[in-house]
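**Q** Whole structure, please, built from the sequences with the hints as guidance.
Here the protein sequences line up with chains A and B, keeping their order.
Mapping to my numbering: the first sequence position 71 is 71, numbers consecutive.
Mapping to my numbering: the second sequence position 291 is 291, numbers consecutive.
Nothing false has been slipped in among the hints.
Below, simulated EDC-like cross-link-like pairs (lysine to aspartate or glutamate); rule was C-alpha separation at most 16 Å, straight line:
| no. | chain 1 | residue 1 | chain 2 | residue 2 |
| --- | --- | --- | --- | --- |
| 1 | A | Lys439 | B | Asp56 |
| 2 | A | Lys26 | A | Glu324 |
| 3 | A | Lys364 | A | Glu375 |
| 4 | A | Lys432 | B | Asp64 |
| 5 | A | Lys248 | B | Asp147 |
| 6 | A | Lys347 | A | Asp360 |
| 7 | A | Lys246 | B | Asp147 |
| 8 | A | Lys347 | A | Glu370 |
| 9 | A | Lys432 | A | Asp224 |
| 10 | A | Lys108 | A | Glu325 |
| 11 | A | Lys439 | B | Asp60 |
| 12 | A | Lys432 | B | Asp56 |
| 13 | A | Lys432 | B | Asp60 |
Partial list, derived from the structure: chain B residues whose beta carbon lies under 8 Å from chain A:
| no. | residue |
| --- | --- |
| 14 | Gly47 |
| 15 | His49 |
| 16 | Tyr133 |
| 17 | Gln239 |
| 18 | Pro242 |
| 19 | Asp256 |
| 20 | Phe258 |
Sample of chain B residues lacking proximity to chain A, with all beta carbon distances greater than 10 Å (derived):
| no. | residue |
| --- | --- |
| 21 | Gly196 |
| 22 | Phe203 |
| 23 | Trp204 |
None of these hints come from the bench; they were simulated from the model.
Every residue, glycine too, gets a C-beta built ideally from N, C-alpha and C.
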Amino acid sequence: MRGKRIVAVLLTSLMLLVGSNAMAKKIEIQWWHAMRSARGEVCKALIDKFNKSQDKYVVIGTNKGNYDEVLNAGIAAIRAHKQPHILQSFEVGTQTMMLSGAIYPVYKLMSDAGYDINWNDYLQAVLSYYMNKDGKLMSMPFNSSTPVMYYNADMFKKAGIPLPSKSDPMTWDELGTILKTMIDKKIAPAGLVAAWQSWTQIENYCAIHNLPFASRANGYEGLDCVLQFNSPQVVAHIAQLKDWMKDKRFLYGGQKYQGPKAEFIAQNAAVYIDSISGIAKLKKAVKDFQWDVAPLPVESWMARPQNSIIGGASNWVLAGHSKEEYKGVAAFLAFLAQPEQQIFWHKQTGYFPITLTAYDELKKQGYYKEQPYQEVGIKQLNRAIPTKNSRGLRLGYFVQIRNIVNEELEKVWNDTKTPQQALDDAVARGNKELRAFEKIYN
Amino acid sequence: MIKRSIFSNKYLPYLLILPQVLVTLTFFYWPALNGLINSMLLSDPFGLHTSFVWFDNFVDLFTDPLYLKSIGITGVFSGATAVTSISLGLFIATLANRACKVKAVIRTMLIWPYAVAPAISGILWLFLLHPSYGVVALIIKKTFGVDWNPVLHGSDAMVMVIMASAWKEISYNFVFFIAGMQAIPTSLIEAAAMDGASPFRRFWNITLPLLSPTLFFLMVMNIIYSFFETFGVIHTMTQGGPGGSTNILVYKVYQDGFIGLNLGSSSAQSVILMSIIIIVTILQFKYVEKKVQYTG
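**A** Structure (C-alpha cells):
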C-alpha cells in the first residue's frame with residue numbers, strides 16, 4: 001500500500017516535471033544581425049515584443065559586428081554546420097547568398113509554413129532586389145534605404161532660388177545652373193558632394209535613367225552577364241561632374257560618407273547626395289543652418305524617371321534546421337512584416353516600411369506631415385514599376401566591382417584618366433571579376 | 001668539462017617537446033598549409049563548389065598589371081616607412097642620449113606612441129591631415145597654399161600613410177637605439193674625443209658601428225612591421241585609395257578575402273606575401289648581416 005503511494009507520488013512528480021519542462025522548453029530561433037547601437041536597441045525591442053506575444057518560440061538576436069563580419073561569421077558557421085536560423089546580409093552579398101546552396105528561400109518557407117502572403121502589398125522596388133529571375137522572393141527585406149539629395153536651404157534662400165520639390169526631381173542641368181549661381185554669388189564655397197559614388201552616381205544613375213548596369217537584366221538572368229555602365233549616357237554624366245570640378249560645382253570628398261558629410265555640415269558644399277539614412281545623422285550634427293531633402297536629379301531627356309534602387313540588408317533563412325523551428329522562423333518574419341512593427345521600425349530608424357499597408361497607415365497618421373523628409377525616398381522608390389534595369393543588381397564579386405568603380409572614378413577626379421577611359425577600364429576589370437565568379441559555379 | 005644530461009628513457013625528450021610541437025603545428029603549420037592548399041583552389045565562400053586549379057590563381061595575379069603595381073606600392077611604402085622611422089629613431093636617440101637633466105622624462109614620453117595601436121594612429125593622423133576636417137591640412141592649405149588633398153591625390157595619400165605608420169615605429173626604434181647606445185662604453189667615446197674627433201666623427205666611426213647589430217635587427221623588424229602591421233593604418237586612413245595608390249599587399253589580401261570573399265586569390269596573395277618576406281629576410285641576413293659587428 002505504502003509502496004504504491006510512493007510510486008504514485010513519484011510518478012505524478014515526474015509527470016509534473018516533464019510537463020513543466022515541456023512548457024518551459026521553447027523553441028529557440030537564432031538571428032545574427034549587424035544592427036548596433038541605436039538600431040540594435042530597436043531590433044531588441046522588436047524581438048522582445050515577439051517573444052512576449054507568444055509562448056512557443058523564443059528569438060535570440062546576436063550582433064556579430066558590421067555587415068562584412070556578420071556575413072563572414074555566417075559563412076564560418078555554415079562551414080561548421082552550426083548556422084543560425086536567420087542571417088542578415090547586405091544587399092551586395094545577395095548573389096553570393098543566393099548561390100550558396102545553404103539557404104531556404106523565403107517564399108518557400110512562408111508557403112510551407114502555411115502563410116498566404118500578398119506580395120503585391122510590398123514596396124516592389126524593395127522586394128525586387130531580393131527576387132530570383134522568376135520573381136520569387138529569396139530573402140526577407142529588412143532594412144532598406146535609397147539615396148536622396150540633401151541641400152542647404154539657407155543657401156538656396158540667400159541666392160533667391162526656390163526650394164526644390166519633394167516629389168518631382170529637378171534636372172541635372174537645373175542643378176548645374178543653381179550651383180553656378182550660388183558659387184558665383186559666393187554663397188557656397190562649393191556645389192555638390194556625393195557619398196558612396198559607385199552606388200549614387202553610377203548604380204542609381206543607371207536605374208533612374210533605365211540604363212543597364214550589366215547585361216542579362218543586371219545579372220538577374222545569368223552569371224554570364226557583362227557590365228555595361230560605360231554607355232554614352234553614363235560617360236556623359238561622369239564627364240559633366242568632372243567638368244563641374246573646374247569651377248567647384250562638384251567637389252570630391254571621398255569614397256564613403258564621412259568626407260562628403262563633413263563638407264556639407266561645414267557648409268563647404270550646398271548639395272549632398274547620400275542615403276536616406278543620413279537624415280538621423282544630419283538631424284544630430286547640423287545646428288546652424290536649415291537643410292532639406294529632395295529626390296535625386298534626373299537628366300532632362302528622361303521624361304519618366306524610373307525608381308531608384310535600394311541599399312541595406314535582408315534576412316536570409318539558412319537551411320538545415322527542423323520543421324518545427326522553421327515554423328517559428330516564419331512566424332517571426334511574418335511578425336516583422338506587420339504594419340505595427342514596420343511603422344515602429346521606420347519611425348525609429350528611418351529605414352523604409354516594406355509594406356504599402358504600413359506606408360498608408362503612416363500617411364493616415366499624418367506622420368509625413370510632421371516628418372516631410374522621410375517621404376522623399378519612398379516616393380522616389382515608388383514612382384514607377386521597376387524595370388529590368390531598375391529592380392536591382394545581381395552580380396558576383398560585387399564588392400570588388402564597386403571597389404574597381406571607386407578606383408577608376410578617383411582616377412577621373414585626379415586627372416589620371418578621361419571619363420571614357422576610366423569607365424571602359426572599370427568595365428573591363430569588372431568583367432574579369434564576373435568571369436572568375438562564373439567559373440566557380442559551373 | 002661539458003655538463004651533459006642523459007635521459008635514460010628514449011621517449012622522454014620527445015614527450016617533453018611535444019607541447020611545443022603541438023602548438024607550432026596547430027597554430028603555424030596547419031593554417032599555413034591550409035593557405036597553401038586554398039591558394040590552388042577555386043572555391044565559393046561556403047566551400048560547397050570547389051575545384052582544384054593548380055597555379056591558376058598565381059598566374060592570374062602575376063598577369064594582372066594592378067597586382068604588380070601593388071607589389072611596387074608595397075615596396076615604396078615599406079622602404080620609406082622603415083627608412084623614416086629608423087633614421088628619426090636614431091636621430092632622436094642620439095639627442096636624448098646627450099640630454100642630461102630631463103633624460104628620464106624625455107625617454108618615457110618618447111616611448112608612449114608605441115602603445116598606440118596602428119588603427120588609432122591612423123585615425124589620429126587623419127584628424128590632422130584629412131582635407132575636409134584635418135586641422136593641419138587646413139593650415140597647409142591656407143598658409144602655404146599647397147593643394148594638399150590625400151583624398152584625391154595618390155602621392156599625398158602615400159605621404160600621409162607613411163607618416164602615420166612611421167610615427168609609431170619611431171618610439172620602438174628609439175627604445176632599442178638608446179639601449180644600444182648605453183651599452184657603448186663611454187671610455188671609447190671619451191678616448192676619441194681626446195684624440196680630437198668631432199661629435200659627428202665619433203658618431204660615425206664609433207657609435208654607429210657598435211650599434212650595427214641593433215640597426216640590423218631593427219631593419220628586419222621594421223620591414224616586417226610595414227608589410228603586415230600597417231594594415232590598421234591603411235584601413236582607417238585611405239582604404240587603399242585614392243585610385244588604388246595606397247593599396248599595399250596585406251590590405252589587398254584582406255579586401256579580396258574577407259570583404260570580397262574571393263578565397264582562392266586571397267590565399268594565393270598570402271602565399272606570395274609570405275614568400276616575399278622570407279626572401280627579403282634571407283637577403284638581409286645574407287648580405288647586410290656581413291657588415292654587422294657583433295661584440296664579444
